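Visitor: Given only the sequences and the hints, what does the whole structure look like? Please build it.
Residue numbers 1 to 330, in the numbering used here, belong to the letters of the sequence shown in order.
Just so you know, the hints here were simulated from the structure itself, not pulled from any lab data.
One or more of the hints may lead you astray.
[To be verified] Below are the EDC-like pairs computed for lysine to aspartate or glutamate, each with C-alpha atoms no more than 20 Å apart in a straight line: (1) 286 <-> 246; (2) 100 <-> 194; (3) 71 <-> 101; (4) 71 <-> 104; (5) 78 <-> 101; (6) 274 <-> 245; (7) 71 <-> 124; (8) 78 <-> 62; (9) 286 <-> 320; (10) 78 <-> 194; (11) 126 <-> 80; (12) 200 <-> 80; (13) 280 <-> 300; (14) 200 <-> 101; (15) 100 <-> 199; (16) 108 <-> 199; (17) 200 <-> 245; (18) 274 <-> 246; (19) 304 <-> 320; (20) 126 <-> 300.
The model shown is predicted, which means the values in this text are computed figures rather than measured ones.
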Amino acid sequence: MSFYLSMRKKVLVLKYVIIVCAVLSSLLLLSRWVRSISRFSLHTTTASPIADASLSSRLRPEDEHGWQAMKRITASLKLDRSTTILGGLNAVAVEIWLPKEWSENSVKNFPILIFLHGRGESGDFKLMNSQSLPRLLGGDVRSDSLHHGPNKTFAALWPFITLMPQCPQYCARQNGWKTREFEALLELIHAAADVLHGDKHRVYLAGQSMGGAGAWEFAAYSPSTFAAVMVMCGYCPLHTVTCADDIAAKLRNMPVWIFHGQNDIVIPVEAADKMSIALKQAGNTKFRYSRYQWAPPPPDPRYKHLSGHAVHDLAFVERELPGWLLQFSS
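Guide: Listed below in C-alpha cells is the structure:
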C-alpha cells in the first residue's frame, strides 16, 4: 500500500512538472508571437543615438577605390549588436550613390534620400538596378520619347546622398519591409549621416510598390526621422479596416507626395485614392497627389505585361521633385 501511494505521489509530481513546462513553453511562444506582430501596432519610435566611433568601420564600401561621387557603390553596414538581437539581421547590403559635389573632405552636409525597392527586386541588386531611381543613377541609356531628355543630366543634377538598401529574399515571401528592417535602416541612415557628410535634418523617404507600402509604414513607425516622403504605386501595408486612417493620423504633419498610374494593373489606383482621402481627413495640408492617366510598364522586358506599374519613371523626372523635397527639414 505504501509503495502504491509513493508511486502515485511521483506520478502527480511528474504531471505538475509537465504542466509547468507546458505553461512556460506557451509563454515563450506568446512572447515571440507578440514581437512578430509588433509592426501592426503602428507605434512611433524615435531613433536612438548610435556611437559614432565605430560607424566608419562598420559601413564599408566594396569598391577598392572607396567612396566616390557620381557612382553606385555597393557597400554593407555591419549592424550594432542591439539591432542584430532585435531584428535577427547581421548586416545591411546597400548601394550608395553620392552627388556630384560630394568629396571625403566636404565641408557641408548633403541631404539623404533612402529608396525602398519593390517585392520582385528582393535579394537582387541586378534587378533593382534595371529600373527606377537605381537605373537613373547608374547611367540609363534609354532614348525613347519619355527618357531621352531628362536622363542625360539626371545624375549630374540629383542632389541627394542616395541609399538603396537590399531587402533580403525573405522580404518577397513575407511581402513587405517590416520592423526588423526599419530598425536596421534607421542605423543605416545614422551611419550615412555620420560617415558620408549627410544631413540628419534633411532625410527623405521614397518607395515603390512593396517599397511604397514600406514607405507608408516606415514613415509612420519613425516620423521624426523624415522631412518628407514620396510613395509610388504603393498601398496601405496593414491589412486592417482602419489601416489608412491609422497611418494618416501618424503623418498628419508629414509632407507626402503620392504618385500612381490609373492604368496600374498590379496595384489599383484606388489604393492611392484611399490614402489621399485619409490624409486629407486627418488634416494634412502638405500632401500632393499625382494621379497619372497613363504610366508605363517596367523597363525590364520580362515585366512588360505589368502595364502602368512603373509610375516611378514619371515621378523621378518630375522637374519640381528635388526642390519640393528640399524645402522641408525635420
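Visitor: For every hint, state whether the structure bears it out.
Guide: Consistency of the hints with the structure:
For the hint pairing residue 286 with residue 246, the CA-to-CA distance comes to about 18 Å; that is within 20 Å, so the pair holds. In summary, the hint linking residue 100 to residue 194 is supported, as the alpha carbons are separated by about 19 Å, within the 20 Å threshold. As the CA atoms of residue 71 and residue 101 are separated by approximately 12 Å, the hinted pair is consistent with the 20 Å bound. At most 20 Å may separate the alpha-carbon atoms for a hinted pair to count; residue 71 and residue 104 meet this at roughly 14 Å.
Distance restraint check for residue 78 and residue 101: the Cα-Cα separation of roughly 27 Å exceeds the 20 Å cut-off, and the hinted pair is therefore not satisfied. Distance check on the hinted pair: residue 274 and residue 245 sit about 9 Å apart at the alpha-carbon level, within 20 Å; holds. About 18 Å separates the Cα atoms of residue 71 and residue 124, which keeps this hinted pair within 20 Å; it holds. At roughly 13 Å between alpha-carbon atoms, residue 78 and residue 62 fall within 20 Å of each other, so this suggested pair holds.
Among the hinted pairs, residue 286 with residue 320 is consistent with the structure: their alpha-carbon atoms are about 15 Å apart, no more than 20 Å. A C-alpha spacing of about 15 Å is found between residue 78 and residue 194, which places the hinted pair at or below 20 Å, so the restraint holds. At roughly 27 Å between alpha-carbon atoms, residue 126 and residue 80 are farther apart than 20 Å, so this suggested pair is violated. With a C-alpha separation of about 19 Å, the suggested pairing of residue 200 with residue 80 holds against the 20 Å cut-off.
Taking the CA atoms of residue 280 and residue 300, the gap is near 36 Å; set against the 20 Å cutoff, the hint is violated. Between the alpha carbons of residue 200 and residue 101 the distance comes to roughly 18 Å, so the proposed pair stays at or under 20 Å and holds. Restraint check for residue 100 and residue 199: satisfied, since their Cα atoms lie roughly 16 Å apart, inside the 20 Å limit. In summary, the hint linking residue 108 to residue 199 is supported, as the alpha carbons are separated by about 9 Å, within the 20 Å threshold.
About 28 Å separates the Cα atoms of residue 200 and residue 245, which puts this hinted pair outside 20 Å; it is violated. As the CA atoms of residue 274 and residue 246 are separated by approximately 12 Å, the hinted pair is consistent with the 20 Å bound. For the hint linking residue 304 to residue 320, the alpha-carbon distance of about 28 Å lies beyond 20 Å, and the restraint is violated. Between residue 126 and residue 300 the CA atoms are separated by roughly 11 Å; this keeps the pair inside 20 Å, and the hint holds.
Checked against the numbered hints listed earlier, the structure breaks hints 5, 11, 13, 17, 19; every other hint is satisfied.
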